[in-house]
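Trainee: Residues per chain are reported as follows:
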Amino acid sequence: MARGPRREIKQLVVEVTEACNHACMHCYNYWRPRRGDVPVLPVVDATVERGRRVLTRPDFVRLVKKIKRDARLHYIALSGGEPFLRTDLPKIVGDLSDQCEGLVTITNGTLITKERLRRMPERSNFEITLFSAHRETHDAIAGRKSFDRLMETFLLLHKHHCGLVIACVLSRLNAADIALTMELAVAVGAQAVMLNRVNLSRNVMPAARELVPSPEALRETLAAADRMAEKYGLGVVLSVPVPPCVVDPREFSHLHAGWCPRGGKDAYYTLGCTGLVRPCNHTSVVLGDLLQQKWFEIVESKQAREYWATVPEECRDCSHPLKDSCAGGCRAAAQECYGSTAMIDPFVNFARAAQA
Amino acid sequence: MAETKTAVGKVTVAGSKYSVTVNKKKHLLPVGTLIDASQVRKLAGKEVVVYFASKPRNLVIAVQDKAFKLQPILCYVPVPDLFKALNPEMQNAALNVMVEKGIIMPDLAEQFNVGR
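Protein sequence lines, in the order shown, are assigned to chains F and X.
Numbers given in this note's numbering equal positions in the first sequence, counted from 1, plus 9.
Numbers given in this note's numbering equal positions in the second sequence, counted from 1, plus 516.
A hint or two may mislead.
[Said to hold, decoys possible] With a straight-line cut-off of 25 angstroms between C-alpha atoms, the simulated DSS-like cross-links for lysine-lysine are: (1) X:K533 with X:K521; (2) X:K617 with F:K154; (3) X:K558 with F:K240; (4) X:K617 with F:K240; (5) F:K168 with X:K617.
Note that these hints are calculated values from the structure, not bench results.
The task is simple: from the sequences and hints, build the whole structure.
Mentor: Shown next, in the form of structure tokens:
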């Protein structure tokens, strides 16, 4: 296969481990065990996950350099699992920061210590999950008592002048708390808030009715978030797209609505901890093996091109002005829950059912 | 899938008649059915993005404030543009709310407090 032209890739998600010390109710990771089965993991480095050797720190650097031979890479997001379960995480952050313009570590924040922070580049950026300003609600959603530890982490990041974005997964469980949660985010120094409406996957489906809010409840929640964004001049992003047939995001002028980039330079291809590349971090679909293949062979393959191309049958006659941006919602969620990207985002079905 | 056509126009309100002018051509807005009158009144005199139906092609199905922001934000991942300095006064105001509601203890809030 001839080498393709040098492409641009804005963001790459790098999952450094599949292990996690939380058991979040809404966790979409396809490898997650059933809630309650998750052991409290010690801080150790696994060497094999899902039958494949886990990439080492030099492996990650080598593979990112390999990607850069085919594409101009701007930003890296380190994710997991819980990235800080790897003891070499600070060094991975340092190494990969040298390979891109900016790096953010997506974490639950419970394993960040002063010592680990000291070993990381100064003013590192973090995206940390906070589900509620109410301790009991946050801990219930996280599946672990972690709220108080999280407050200590926020203080640590504040003292070290780190970048902080709070990610709050919106569900029926915490929708009523959103205004207070956003105020807490401002109080602890968050520079922005990402409101990610719950995005379903196969393992989350049994709890979908407990999690997906009705359109009316979601609208009220977003209206509350909109008021807080205006009050505090806070950047708030609806990162996981809200299907406009459920709630039209244009109703909220202080919230930035985001859409799935569906491939191209804005896609956030995901490099798993064993070297497999997926279209995004929500899906279990594997496009290729970066240990064996070149980057452009993977992302320009027919499978990669076709992954996002399908628009669900029931959305084809949609006349909503945002239909081209929405195009049926999250294709990965449809694939994970219904086995086909030709289906509508399951969030739409459960939201409608909640309304009924 | 048929593409929705868009253009830039300007909204005018004359009595109970609402219209949007695109390329000097005035299109009556179907206020009351597809578009809410109170929302259209807010857009009067402003530049808007006008959405036309696929069929018939000259039927306006929606107008949207041109200032509305649609950012290519990526799922789950914060784009670097998000990291902006927080107003210290706002942070302190939020800290006070958290202390009043008992969510953050006063001694912890004191350590977060900026500008003191």
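Trainee: Of all the hints given earlier, name the ones this structure violates by number, lowest first.
Mentor: none
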